[in-house]
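Participant: Sequence:
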Amino acid sequence: MASELPHRFLTPEDLVEMFELPSIETVYQWRRKRTGPRGFRVGRHLRFDPNDVRAWIDSQLREAA
Numbered sequence: 552m553a554s555e556l557p558h559r560f561l562t563p564e565d566l567v568e569m570f571e572l573p574s575i576e577t578v579y580q581w582r583r584k585r586t587g588p589r590g591f592r593v594g595r596h597l598r599f600d601p602n603d604v605r606a607w608i609d610s611q612l613r614e615a616a
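Per my numbering, residue 552 is the first one in the sequence shown, and the count goes up by one each step.
Please keep in mind that the hints were generated in silico from the structure rather than gathered at the bench.
The structure presented is a predicted model; accordingly, all values stated were derived computationally and were not measured.
Do not rely on the hints blindly, as some may be mistaken.
[Stated by the list, open to error] SDA-like, lysine to any residue: derived pairs with alpha carbons at most 25 angstroms apart:
id	residue 1	residue 2
1	584	614
2	584	562
3	584	594
4	584	610
5	584	570
6	584	602
7	584	568
Make the full structure from the sequences, and use the hints.
Facilitator: Here is the structure:
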């Protein structure tokens, strides 16, 4: 994954591509279980702030250390 995230809100599809996840369902499971990056709804669409995704990545790296 690139260290620089896009300067736009990310879609679940973006996360699937960035993390090479098996399916988009993984992103929705993370949301249901509250284990993934914080997301928000825009109407019926789920979006992620790149800063929240970076913070989540950093927290995962700290936990793994």
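Participant: Taking 25 angstroms as the top limit, are the C-alpha atoms of residue 584 and residue 610 close enough?
Facilitator: Holds - the C-alpha atoms of residue 610 and residue 584 are around 16 angstroms apart, at most 25 angstroms.
Participant: For the pair supplied as a hint, residue 584 and residue 568, confirm whether the alpha-carbon distance does not exceed 25 angstroms.
Facilitator: This hinted pair holds, its Cα atoms lying about 21 angstroms apart.
Participant: Between the alpha carbons of residue 584 and residue 594, is the straight-line distance 25 angstroms or under?
Facilitator: 21 angstroms, holds
Participant: Starting from residue 584, check that the Cα of residue 562 is at most 25 angstroms away, please.
Facilitator: Between residue 584 and residue 562 the Cα gap is close to 18 angstroms, so the pair holds against 25 angstroms.
Participant: Does residue 602 sit within 25 angstroms of residue 584, going by the straight-line distance between their CA atoms?
Facilitator: Distance of about 20 angstroms is within 25 angstroms: holds.
Participant: Hint check: residue 584 vs residue 570, CA-CA at most 25 angstroms. Holds or violated?
Facilitator: Roughly 18 angstroms separates the two Cα atoms, so the pair holds.
Participant: Does residue 584 pair with residue 614 here, judged by a C-alpha cut-off of 25 angstroms?
Facilitator: 18 angstroms, holds
The structure shown violates none of the earlier numbered hints.
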